[in-house]
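Trainee: These protein sequence lines are chains A and B, in that order. The first sequence: position 352 = 351 (numbering that gives the first Met the number 0), numbered continuously. The second sequence: position 101 = 100 (numbering that gives the first Met the number 0), numbered continuously.
Since the hints were derived computationally from the structure, they do not count as laboratory data. Check before you lean on any hint, since a few could be wrong.
What the hints assert, rightly or not - Just a sample of chain A residues kept apart from chain B, beta carbon distances all over 10 Å, derived:
hint : residue
1    : Glu38
2    : Ser50
3    : Tyr81
4    : Glu102
5    : Leu133
6    : Lys160
7    : Leu164
8    : Gly186
9    : Ala233
10   : Asp237
11   : Arg257
12   : Leu272
13   : Ala281
14   : Thr287
Said to hold, decoys possible - Simulated coverage check for chain A against chain B, where a stretch passes if three residues somewhere in it have a Cβ under 8 Å from a Cβ of chain B:
hint : stretch
15   : 139-151
16   : 222-230
17   : 308-321
Values in this document were obtained by computation on a predicted structure and should not be read as measured data. Note that CB positions come from ideal geometry on N, CA and C, so glycine has one too.
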Amino acid sequence: MIVRFALAALLLSQTGVAASVSIQLDNGAFKVTGWTGPEPVGGWASIFTVSTGFTVSTGRDLPPLFGVYSMEGGLLTFHPRYPLASGVTYYAVFHPPGAAPVEATFHGPETVAAPEARVMAMYPSSPVLPANQLKLYIVFSAPMQGGDFWPSIHLIDQDGKPAYLPFVGQELWNRDNTRLTLIFDPGRIKRGVKPNVDLGPVLVEGKRYTLILDREFKDANGRLMAEPFRHEFAAGADERRAVDTALWKLSQPRAGTRDPLVIRFDRPLDYALLGDGFQIPAVSGIATIGAGETEWRFQPTQPWRAGEHQVVIDMALEDLAGNRIGRAFDVDTMTNPTERITRQSTSLIFRIP
Amino acid sequence: MKPSRMLILTLFVSVSALVIAAPATTGMTMGKVEVKSAGPLAFGPDGVLFIGDSLGAKVVAIDTGDTGHGAPASINVQGIDGKIAAALGTAADQISIRDIVTNPISKNVYISVSRGKAGDAKAVILKLDTAGKLSEVGLDNVKYSVAELPNPPAQNNQKTNTITQVRYVDGKVLVAGLSNEEFSSNMKVIPFPFAPADRGALIEMYHGSHARYETNSPIRTFVPYTIGKEQFILAAYTCTPLVKIPVSELKSGAKIQGTTIAEMGAGNQPLDMVAYKKNGHEYILMANSSHGVTKLDMANVGAYKPITTPISDVAGVPFTTISELKNVKHLQAYDDQQALVLSGNSGAMDLRTIALP
């Protein structure tokens, strides 16, 4: 952390105090130099406070920082509970008993220069999404700021008309705030509930849409993005069928080769869940997700051995509309008596000739 | 009866009596408890505060020791986020207030905050006392216990489960959450005091509509509610209907479909609910993400027929919108006459008590 060292000194000649009392910021701690005295009855905080202010108008009406006072090397010292923040101004005030107050202003560390953030990709990457699309993933180049970003996200149709409250207003990030999940209002997707009945789905088959993220979507340091993000897609037919692994096609790698095993799906699957969706026990290799999230490719590190292998598939896998293996997003219990799946995984057997 | 047998019997009786009388903080560990992210808050008995830690994949219980009975006060802190940010030495746009809760004994307000807005944010718990003084609740030397939640693998930096609500009901801690990858959802029910090996029960929540379609749906928020002599939770799915679920059904491995009692309308995701009585009538006050604050008339809620058919008009429990309450982010119980409201936008948020409407 870069800490700007600052020194403010006021000569207190008018009060008859001979020494020059000043406040210094030293390695994140505020220190009063040129003064010694006993701790007052009201504690050190009654004579020495550090507060923050961000504009002239609100500067000094804010409560002091949390922290602890101590005497260090004969200097009254204040250690803030939390490190100083960039872009913040700190006002330190010391009231020597019987003398005029000493004040000093400090600034938090400089913001570390880093490339401006931008949106790297949106998933699904397919140009056509089912009208009952459930989730979108926005991948950023850098950690972003959570909180009040919703006004910076827009979904507009081909006529430029903004969609009415299309997403669940719950922020859902990955661990380092570089990927945001947007869930379409499930009440608009699920058949037979009031939002769906009253308003219909957010996406209408045959229409084109643009997802827009304004530059004002801030990064973790509070800076604007390098550029706004626009992504166009079309809405296709609803996908209401359960995922059926029998419809997938497996390539045929041969023993002794390192040819990839490719599983081609009958429809795109959820980008995030694909990442953890497949495993081939006892075979090490590198897995990648194919274009449009319609295939999973696995390149073994060692040549394939002849014989039977299996791909273990996580039952949490979903397609773009939240349909899972053997269970549609909203099961029609009239035509499909409900089967609530409790298995964690299923598997496909394949032979290497 | 032989004397030795009598002694054993006597001992057994005294131990049982002790267990019953033991405070909720019995068995807690003293020391530093790590909280990676401080989210939803709830109070249990004896001043125990529950903290939902989404990034840490756990619920932490701490003994606040704040058990002195406090007189109900009126709270009105303008610019609460600016004041909190100042005390934490940062700017208002660099903190997020995650939740607020009232200690039902002391009437002090506890606030969970993240200092910073990205993945490296620090979790902070604050106390606002009835005199308006803000202080930090230390987590370095505190009596605590922890319940671990199912955690995505550590090597997967992408998958997270966000805890959206924590409540204490009848000796159990109920935890609702949303995954950033899987839509389907489990509710977690953990007996309290937390037992070291007991990870509680996972309950699959389903939502049915039209007497026909059924979806494994996440519950976003809920509130304990008694109908007659039975303990329920009133819960809101992300797909907006309000349902009632008997707490007695929240057992390990259960697959539960709530009974819809109200449909709140599109885009109207409920954030918080408060159950209260006024002039002998029962109501629910509900803060929503987009549609302001609604007041539900709960008279005869036990007698309502479940909503099982598609409805084009408001149906089920009647509700009205409280138009003077705008931009409410959090709503919590305060006392018999007041609710606690956090409202406004970043940099200009207010925390205040309001008379229950």
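Trainee: Confirm or reject each hint.
Mentor: Each hint, compared with the structure:
1. Glu38: holds (20 Å)
2. Ser50: With a cut-off of 10 Å, Ser50/A comes too close to chain B, as the shortest Cβ separation is near 6 Å.
3. Tyr81: violated (5 Å)
4. Glu102: holds (17 Å)
5. Leu133: Since the minimum Cβ distance to chain B is about 6 Å, Leu133/A lies within 10 Å and the statement is violated.
6. Lys160: About 16 Å separates Lys160/A from the closest Cβ of chain B, which puts it past 10 Å; holds.
7. Leu164: violated (3 Å)
8. Gly186: The claim is violated: Gly186/A sits with its nearest Cβ about 4 Å from chain B, within 10 Å.
9. Ala233: Holds: least Cβ distance 23 Å, greater than 10 Å.
10. Asp237: holds (13 Å)
11. Arg257: Label holds. Min Cβ-Cβ 24 Å, cutoff 10 Å.
12. Leu272: Since the minimum Cβ distance to chain B is about 6 Å, Leu272/A lies within 10 Å and the statement is violated.
13. Ala281: Holds, since 19 Å exceeds 10 Å.
14. Thr287: holds (15 Å)
15. 139-151: Since 6 is at least three, the answer is holds.
16. 222-230: Coverage by chain B is violated for the stretch 222-230 of chain A (0 residues, Cβ < 8 Å).
17. 308-321: holds (count 3)
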